[in-house]
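Using the hints, position chain D against chain H.
Listed below, chain by chain, are the residues.
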Amino acid sequence: KQEVTQIPAALSVPEGENLVLNCSFTDSAIYNLQWFRQDPGKGLTSLLLIQSSQREQTSGRLNASLDKSSGRSTLYIAASQPGDSATYLCAVRDNYGQNFVFGPGTRLSVLP
Amino acid sequence: DGGITQSPKYLFRKEGQNVTLSCEQNLNHDAMYWYRQDPGQGLRLIYYSQIVNDFQKGDIAEGYSVSREKKESFPLTVTSAQKNPTAFYLCASIGYTGAFFGQGTRLTVV
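Protein sequence lines, in the order shown, are assigned to chains H and D.
The opening position of the first sequence corresponds to residue 1 in my numbering, with each subsequent residue numbered one higher.
The opening position of the second sequence corresponds to residue 1001 in my numbering, with each subsequent residue numbered one higher.
Here chain H stands alone, though its shape is the one from the complex (with noise of 0.2 Å):
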């Protein structure tokens, strides 16, 4: 069954510093990977979206890297800024395009 790791589980930062939070996965065999926003009560915003056969996807200050073997992915977050804080999730889709495993989520505070 696959599992999804997300760390670190919270984070505080100054503003202007680069970041990088990271997600595991135990089976190498998805269909892509999806990173996510959420702003407390709201709903997930999509990030960026690695398709398996992918290393990476940029999107403004943000950069997603896959590594399929290693079961990693990285988020990088360039020059932070305060409306950044939220909690971020990652998400594995398999590769029979049925399960949508979660991570648990790493909540990040950028402070001004």
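I should point out that these hints are in silico values taken from the structure, not numbers from a laboratory.
Predicted model only: the values in this text are computed from it and were never measured.
Worth double-checking, as some hints may not be accurate.
As the list claims (entries may be wrong) - Heads up, simulated DSSO-like pairs for lysine-lysine below, C-alpha to C-alpha not over 30 Å straight-line:
# : chain 1 : residue 1 : chain 2 : residue 2
1 : D       : Lys1071   : D       : Lys1057
2 : H       : Lys42     : D       : Lys1070
3 : D       : Lys1009   : H       : Lys42
Here is chain D on its own, set in the frame of chain H:
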């Protein structure tokens, strides 16, 4: 605007009552999912549907029921058999460009 809409945003349930949460999407996605989120915990899968008139139980289906009569709609009923229904419920539809979520329904038992 393409997207996924959940309603209501807040819902209050009395003991022994069934309530239905609405989820509608206009993204033309075949797959739709319902998740439950408790404070400080991750998302847990309740039910999912890959195609109209078919759905499968997730990890925590007991006390819940769903229907999928139309591609656009996947309502979730929280029955009186669900002993601890207070939670945040999220609906998602999934296509080739990934998963998209509604804004959630917060259900509280009163």
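Hints versus structure:
Proposed proximity of Lys1071 (chain D) and Lys1057 (chain D) is supported: the alpha carbons are some 18 Å apart, at most 30 Å. As the CA atoms of Lys42 (chain H) and Lys1070 (chain D) are separated by approximately 26 Å, the hinted pair is consistent with the 30 Å bound. Distance hint between Lys1009 (chain D) and Lys42 (chain H) is fulfilled; the C-alpha atoms sit about 10 Å from each other, no more than 30 Å.
The structure fails none of the hints (numbered hints given earlier).
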